[in-house]
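Student: Sequences are here, hints too, so could you generate the full structure?
The primary structure of each chain is shown beneath.
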Amino acid sequence: MQRSTLKTWFLIHKWTSLVCTLFLLMLCVTGMPLVFWEEIGHLTGATPEVAPAAPGAQPANIDELVQVALRQYPGDVPLFFGWDDHSPSIYVNTGARPDTPPPEMHTAIMHGYTGEVLPSAQFNEGVMYFLYRLHTDLFAGLAGMLFLGAMALLFATAIVSGLVLYGPFMRKLPFGTVRTGRSRRLAWLDLHNVLGIVTLGWAFVVGITGAINTLAGPLEQAWQAEQLGEFAARYKGRPRPPQLGLASLDDAVATARAAEPDMTPAFVSFPGTGYSGDHHYGVFMHGNTPLTERLYRPVLIDAETGQLTAQPQLPTYMAVLLLSQPLHFGNYGGMPLKILWALLDLLTILVLGSGLYLWFKRGNTDARVREIERMAEFGTADGAPA
Amino acid sequence: MNAPRHPTGSPFAAPAWIGAASIVGLVSALVGDGAFDAVSWVVFAALLALAIRAWLRRNRGR
Numbered sequence: 000m001q002r003s004t005l006k007t008w009f010l011i012h013k014w015t016s017l018v019c020t021l022f023l024l025m026l027c028v029t030g031m032p033l034v035f036w037e038e039i040g041h042l043t044g045a046t047p048e049v050a051p052a053a054p055g056a057q058p059a060n061i062d063e064l065v066q067v068a069l070r071q072y073p074g075d076v077p078l079f080f081g082w083d084d085h086s087p088s089i090y091v092n093t094g095a096r097p098d099t100p101p102p103e104m105h106t107a108i109m110h111g112y113t114g115e116v117l118p119s120a121q122f123n124e125g126v127m128y129f130l131y132r133l134h135t136d137l138f139a140g141l142a143g144m145l146f147l148g149a150m151a152l153l154f155a156t157a158i159v160s161g162l163v164l165y166g167p168f169m170r171k172l173p174f175g176t177v178r179t180g181r182s183r184r185l186a187w188l189d190l191h192n193v194l195g196i197v198t199l200g201w202a203f204v205v206g207i208t209g210a211i212n213t214l215a216g217p218l219e220q221a222w223q224a225e226q227l228g229e230f231a232a233r234y235k236g237r238p239r240p241p242q243l244g245l246a247s248l249d250d251a252v253a254t255a256r257a258a259e260p261d262m263t264p265a266f267v268s269f270p271g272t273g274y275s276g277d278h279h280y281g282v283f284m285h286g287n288t289p290l291t292e293r294l295y296r297p298v299l300i301d302a303e304t305g306q307l308t309a310q311p312q313l314p315t316y317m318a319v320l321l322l323s324q325p326l327h328f329g330n331y332g333g334m335p336l337k338i339l340w341a342l343l344d345l346l347t348i349l350v351l352g353s354g355l356y357l358w359f360k361r362g363n364t365d366a367r368v369r370e371i372e373r374m375a376e377f378g379t380a381d382g383a384p385a
Numbered sequence: 000m001n002a003p004r005h006p007t008g009s010p011f012a013a014p015a016w017i018g019a020a021s022i023v024g025l026v027s028a029l030v031g032d033g034a035f036d037a038v039s040w041v042v043f044a045a046l047l048a049l050a051i052r053a054w055l056r057r058n059r060g061r
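Going down the list, the sequences are from chains U and D. Residue 319 in numbering that gives the first Met the number 0 is what sits at position 320 of the first sequence, and the numbering runs on without skipping anything. Residue 37 in numbering that gives the first Met the number 0 is what sits at position 38 of the second sequence, and the numbering runs on without skipping anything.
Hint data in this document are derived by calculation from the structure and do not stem from the laboratory. Do not rely on the hints blindly, as some may be mistaken.
[What the hints assert, rightly or not] List time: in silico EDC-like cross-link candidates among lysine to aspartate or glutamate, alpha-carbon distance up to 16 Å:
| hint | chain 1 | residue 1 | chain 2 | residue 2 |
| --- | --- | --- | --- | --- |
| 1 | U | Lys6 | U | Asp365 |
| 2 | U | Lys337 | D | Asp36 |
| 3 | U | Lys360 | D | Asp32 |
| 4 | U | Lys13 | U | Asp365 |
| 5 | U | Lys13 | U | Glu370 |
| 6 | U | Lys337 | U | Glu38 |
Tutor: Shown next, in the form of structure tokens:
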């Protein structure tokens, strides 16, 4: 590789890393507890322990469960109703108005068979929610999300440029070389290289999927405008149906189950929440395998008549978004995968920290580029025999 | 004069294998449970073992 090319890649690696490192360190530190959010919720009592359903028990009527939730939060309207895939509990989100944003929502959790209200913390309160907001949008909404997405893209660029520099640096050395006897800087450089390569694929995918996740808001809006807008157009000029005039949600869910018999309902959006237009329940069905349970099929039920309106296919960009979420959070392969995810996260913190150390101990750019050239030619940074 | 060969072939051989294994590990648990999960666990545990091995075999003398 020519010196000018090497220098260009070196500068790309240096500046993309420098700009994103502090934010990446924050993301790595806040991301680790988020991997164990469910377990931490159980340990702290924020997530209720749910007794299994009695043999032969029938699920409680959904409309009655919604009414129980509304009695908990007088003056609210229902926003979402959802099922927990791993326990017989259900949740109802309510808010002051149909387009209440998540930070202002209330949540009631109930046993899905007995209707018992389960004591639980609000999802939008407490330390874990604080970490979640810091991790996803820096408490700055869409602007914060897009900023962190840009940082994730810089991180991915730093990984690629680091890989390019790794080639000449390691040309004469076997993989895994860590030389601790020469200088502290060289030892950290070798460790930076080894750990950077070990975490290469994982960190790249977690970074890219993180960047995709930051586009969730705009992608959901595009989907609603494009696909749901088509159905909403049929109701143009008609006011949103009043809360008291809504058709039975229990019947709507039964209609959706009949329309998609191989799927189970994941959650329902009420009219006006932005997920199913102003005139429909959106019953979001999902499959039963690890892959298909991430891919929703919305079944739109007319909220006044209870009739099935449509079962639109999710567009590809929404499927990509939904699949990028588990690949970012690592919550799809049981506890062993979560632990491995956390350990890889720790290694990434070491890569970032060693990169910062190397920057503090830097000489000028030309000296570093010459060091890589000497490594490529002799296998040692000082040109001495390896 | 030809450049001496890399001790293990191309210096990019290890990153290529690690990258490919990481993709397998990431996708495996997504497409199924049971054995598919186990493949993910083995792949990522092996990657961590590589890092530990490199540290245990660090060369203090040079």
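Student: Would you mind marking each hint as holding or not holding in the structure?
Tutor: We went through each hint and held it up to the structure:
As the CA atoms of U:Lys6 and U:Asp365 are separated by approximately 8 Å, the hinted pair is consistent with the 16 Å bound. The suggested pairing of U:Lys337 with D:Asp36 holds, with an alpha-carbon distance near 11 Å, which does not exceed 16 Å. With a C-alpha separation of about 47 Å, the suggested pair U:Lys360 and D:Asp32 falls outside the 16 Å cut-off, and the hint is violated. For the proposed pair U:Lys13 and U:Asp365, the alpha carbon gap of about 13 Å is at most 16 Å, so the pair holds.
Annotation: proposed proximity of U:Lys13 to U:Glu370 holds, straight-line Cα distance about 15 Å (limit 16 Å). For the hint pairing U:Lys337 with U:Glu38, the CA-to-CA distance comes to about 11 Å; that is within 16 Å, so the pair holds.
Taken one by one, the earlier hints fail for this structure only at number 3.
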